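Participant: Here is what each chain is made of, one letter per residue.
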Amino acid sequence: MTLAARLIVIAAVVALLANAGCATVQPWERGTLAKPVMAMEEPAHETAQKLRTYSAKEGGAAATGVGGGGCGCN
Amino acid sequence: MPVKLDVIPAGAGIQYLAATASAVHNAAEELTMVTLYRYPFAAMGSRCEIRLYASSEETAAACARAAIDDVLRLETKYSRYRDDSVTAAINRVAQAGGAIDVDAETATLLDYAAACYEQSDGLFDLTSGVLREVWSADRRELPDTDTLQRLLARVGWSKVRWQRPRLVFGFPGMEIDFGGVVKEYAADRAATLCAEAGFRHGLIDLGGDIKIIGPHPDGTPWAVGIQHPRIKEAVMATLDLFEGAIATSGDYERFVEIDGRRYSHILSPRTGMPVCGLAGVSVAAPECVVAGSATTIAMLMEDRGAQWLDEVGLPHVWMDQQLRVGGTYA
Amino acid sequence: MGAISPRLAALTAAAMALPGVHARAADAPGEHPWGVDATHLEYSESGNRMRVRVNQASAVVPIGESFQLKANGIQDLMSGASPVFNAPGPGGKTQQVLTGASVFDNRKAGDIGASASIGDNQLTLRQGWSKENDYKSTWTSLEGKRDFNRKSTTLAVGFAFSNDGVSSHDAPDDFRTRIKRDFFGGVTQIIDERSLVELSVEYSYSNGFLSDPYKLVFVQSAGLLRDARPGRRRQTAVTVKYLTYVPAIDSSLQAVGSLSTDNWGIGSGALELQWKKELPGEWLVNAGARYYTQSSADFYAPLYLTPPGDAHSSDYRLAGFGSIGWIAGVTKQLTPNFSVQIAAERSYRRAGLRSGGTGIDADNYIWGLYLVTLQARF
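Residue numbers (numbering that gives the first Met the number 0), protein chains in the order written: chain A, 0 to 73; chain B, 0 to 329; chain C, 0 to 377.
Don't read these hints as lab results, they were simulated from the structure. Heads up, some of the hints might be wrong.
Pairs of lysine-lysine residues, derived as DSS-like cross-links and limited to a Cα-Cα distance of at most 30 angstroms, are as follows [what the hints assert, rightly or not]: (1) 49(A) with 144(C); (2) 130(C) with 49(A); (3) 144(C) with 69(C); (4) 49(A) with 331(C).
Residues from chain B that keep clear of chain C, each with C-beta distances beyond 10 angstroms, as calculated [as the list claims (entries may be wrong)]: (5) 39; (6) 57; (7) 61; (8) 85; (9) 115; (10) 117; (11) 184; (12) 188; (13) 302; (14) 312.
Just a sample of chain C residues kept apart from chain B, beta carbon distances all over 12 angstroms, derived [unchecked claim]: (15) 11; (16) 17; (17) 20; (18) 39; (19) 52; (20) 123; (21) 147; (22) 176; (23) 206; (24) 335.
Quick caveat, the model's predicted, so the values are computed rather than measured. Idealized CB from N, CA, C, for every residue including glycine.
Can you make the complete structure from the sequences, with help from the hints?
Facilitator: This is the structure we're talking about:
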């Protein structure tokens with residue numbers, strides 16, 4: 000993918016988010032977001048597990064955060 | 000809006016319908032075993048209660064003690080009936096006409112009252128207390144216009160000069176009453192005290208002005224039943240609250256009955272007469288002081304109350320004299 | 000809801016000035032519990048290929064109101080055959096040639112970290128190590144997070160640096176260096192009372208010895224060459240996550256899409272969908288599917304008919320392929336302090352499922368994993 004194409008993808012996604020109509024959610028409305036099924040952040044070891052399985056078998060990069068180091072998995 | 004009558008056996012005042020614990024834990028939150036402890040007490044002329052979920056009785060009792068002490072401190076400090084209160088000191092100066100410097104806490108309460116005065120187009124007024132003279136509970140006839148006019152001359156926040164920390168009364172005979180703000184302020188402070196002590200589930204109830212410390216430990220909200228303004232055993236609406244505060248005002252709380260007609264205890268600083276508009280209103284806000292002022296102002300706005308509430312934008316529910324229910328929770 | 004009205008803003012501003020109306024921004028004690036996790040995971044590939052057994056443990060210890068210490072330990076036991084190169088087979092079909100004897104390796108890794116929370120900000124520093132017979136790695140990462148708009152918006156930025164040494168069984172003490180720098184940025188935003196969205200970008204720059212010492216390349220009429228990859232690699236990835244609660248089915252649905260590209264010509268895309276639901280009796284179930292595709296590296300070829308350029312590889316992981324798989328898990332809260340999770344994943348990697356690039360069917364395989372995790376929180 001050329002640099003231009005990359006930037007277009009990023010800009011499109013940002014535009015999508017900006018138009019998502021983010022409403023101000025008052026504290027008393029946040030109950031649903033506190034449910035266990037709504038936890039966006041998985042436990043750290045789960046993310047690390049996933050990263051290692053996929054990155055050991057795939058050539059693409061996965062943007063799921065920093066850290067984790069490498070392994071010599073073949 | 001159709002009237003929804005949930006006739007649930009309920010005592011006077013606000014009822015809590017404790018949500019049945021569906022027992023699915025909020026995985027990220029504390030998972031130690033907690034029990035609900037209740038601490039009822041009397042303050043500010045109302046039945047109050049602190050509810051805390053704690054892992055030990057000792058920690059809960061210590062926190063409740065500290066919170067109750069703060070509520071009583073405020074009751075003493077702003078009491079109308081005590082000679083040694085800040086209110087009495089201010090009113091001695093107001094009675095004679097003069098100036099007085101107030102402490103930091105009182106200053107911010109006066110600033111807050113000033114903001115309420117502006118947002119209510121002058122209806123929320125700390126100086127309207129003098130009108131109570133002619134509206135005592137044992138009154139049997141309406142006061143005459145002359146009496147009201149003479150009293151109204153001594154009412155008006157615009158007639159007071161407030162410049163932190165100095166309060167100046169240009170002429171004698173005025174009176175300041177913090178009653179409309181202190182109870183809700185005390186509820187906010189009590190909840191903060193408990194939260195800072197580490198409690199994350201519980202609530203403070205000061206005579207129906209509620210500030211939530213946090214939802215039930217399983218993540219479910221507190222179900223707060225709002226007293227029906229006309230039917231004692233019934234509930235006007237049930238609100239689920241995870242956090243924040245809720246306050247309620249109504250013409251049924253304290254009233255004077257003259258010639259078979261009910262006159263509420265909320266007096267208009269413009270006409271000197273009790274307001275007649277909404278029968279009851281409840282407002283939810285992140286701060287109990289804001290929720291409380293919003294309900295008071297909504298009542299003071301009389302026929303424009305519902306419209307004012309829509310303008311403010313807080314979740315609310317009201318009932319009018321025709322028993323119609325409206326608002327965001329209706 | 001929409002923006003706050005001017006009336007409400009004025010009242011709120013005055014209310015905020017009152018002492019004690021709101022608790023201080025710092026978390027109350029008890030917000031950060033003690034935690035210990037232990038996981039056992041088994042991974043295997045079809046056709047007698049790789050098997051990995053993983054044991055992992057992690058712990059979180061709060062220090063006062065604002066600090067947390069974390070530690071992680073992993074042990075991997077790897078065995079099984081591994082592809083080495085591709086060669087022409089009967090009937091003109093390219094075949095994969097695997098290692099003869101069973102490869103066996105034992106990897107030990109660990110990391111420690113410290114987090115500091117000050118108001119709406121959080122800073123985390125981590126240091127990790129990994130060691131196996133022919134590979135060692137040391138890495139450091141720093142991540143900062145900040146909450147805005149009453150926690151409606153979270154911004155995270157991070158940087159990681161890793162220094163790896165790669166050797167091989169033939170010359171186990173002869174380590175060649177590989178260095179990687181990772182930059183990460185992400186924004187999480189609450190959209191409404193039941194949805195969130197997250198956008199993250201990652202850029203990494205690696206240089207040094209990036210080839211695989213065990214892989215070879217078949218060149219027609221010339222024999223076998225060692226796998227040789229460019230000395231620099233620049234990768235960029237963008238991920239969007241959308242999570243929403245659907246009241247009609249009392250479940251959450253999450254979609255994660257990512258795109259990546261690099262200077263080796265490998266472009267990839269992934270889409271993962273997940274459904275999660277709470278069930279009575281303190282159960283939580285999740286199920287999902289993932290589709291992944293990548294295009295092959297510019298210097299990749301299954302095998303070469305003429306001598307290749309300086310960079311050449313037949314590694315199946317740099318080929319063009321697609322994979323589709325399912326994920327499922329069950330979590331149960333056993334007691335207020337302990338919970339257990341069982342999860343499984345299975346994926347079908349096929350050259351034919353790709354959206355671009357070159358790949359061969361001989362590289363196709365199926366992989367699956369099962370894991371059990373025990374969590375304790377106090």
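Participant: Confirm or reject each hint.
Facilitator: Hints, one by one, checked against the model:
A threshold of 30 angstroms between alpha carbons decides the hint, and for residue 49(A) with residue 144(C) the separation of about 22 angstroms falls inside it, so the pair holds. The suggested pairing of residue 130(C) with residue 49(A) holds, with an alpha-carbon distance near 20 angstroms, which does not exceed 30 angstroms. Our distance criterion of 30 angstroms between C-alpha atoms is met by residue 144(C) and residue 69(C), whose separation comes to about 17 angstroms. Pair hint residue 49(A) plus residue 331(C) holds up; C-alpha atoms about 21 angstroms apart against a cutoff of 30 angstroms.
No Cβ of chain C comes within 10 angstroms of the Cβ of residue 39(B); the nearest lies about 22 angstroms off, and the non-interface call holds. Every CB of chain C lies more than 10 angstroms from the CB of residue 57(B), the least distance being 15 angstroms, so the non-interface label holds. For residue 61(B), the non-interface assignment is confirmed: its Cβ lies about 14 angstroms from the closest Cβ of chain C, beyond the 10 angstroms cut-off. Remark: the non-interface label on residue 85(B) is consistent with the geometry, its nearest Cβ contact in chain C lying 15 angstroms away (cut-off 10 angstroms).
Distance to chain C contradicts residue 115(B) as a non-interface residue, since its nearest Cβ pair spans about 7 angstroms, not more than 10 angstroms. Under the 10 angstroms C-beta cut-off, the non-interface status given to residue 117(B) relative to chain C is violated; the minimum distance is some 7 angstroms. With a cut of 10 angstroms on Cβ distances, residue 184(B) falls inside the contact zone with chain C, its closest approach being about 6 angstroms. With a least beta-carbon separation of about 4 angstroms from chain C, residue 188(B) fails to lie farther than 10 angstroms from that chain, contradicting its non-interface assignment.
Every beta carbon of chain C lies more than 10 angstroms from that of residue 302(B), the smallest distance being close to 18 angstroms; the non-interface claim holds. Not every C-beta of chain C lies more than 10 angstroms from that of residue 312(B), the closest at about 4 angstroms, which undercuts listing it as non-interface. Separation of residue 11(C) from chain B is inadequate, the least Cβ-Cβ distance of about 6 angstroms not exceeding the 12 angstroms criterion. Against chain B, the non-interface label of residue 17(C) is violated: not every CB pair exceeds 12 angstroms, the least being about 5 angstroms.
A Cβ of chain B approaches the Cβ of residue 20(C) within 12 angstroms, the least distance being about 4 angstroms, so the stated non-interface status is violated. Every CB of chain B lies more than 12 angstroms from the CB of residue 39(C), the least distance being 20 angstroms, so the non-interface label holds. Here residue 52(C) stays apart from chain B, with its beta-carbon at least about 27 angstroms from theirs, past the 12 angstroms limit. Against the 12 angstroms criterion, residue 123(C) stays outside the reach of chain B, whose nearest CB is about 16 angstroms from its own CB.
At roughly 17 angstroms, the least C-beta separation between residue 147(C) and chain B is larger than 12 angstroms, which holds for a residue marked as non-interface. Interface exclusion of residue 176(C) from chain B stands, the closest Cβ pair being 40 angstroms apart, more than 12 angstroms. No Cβ of chain B comes within 12 angstroms of the Cβ of residue 206(C); the nearest lies about 39 angstroms off, and the non-interface call holds. Not every Cβ of chain B is farther than 12 angstroms from the Cβ of residue 335(C); the closest lies at roughly 5 angstroms, contradicting the non-interface assignment.
Hint compliance for this structure: hints 9, 10, 11, 12, 14, 15, 16, 17, 24 are not met, and every other hint is.
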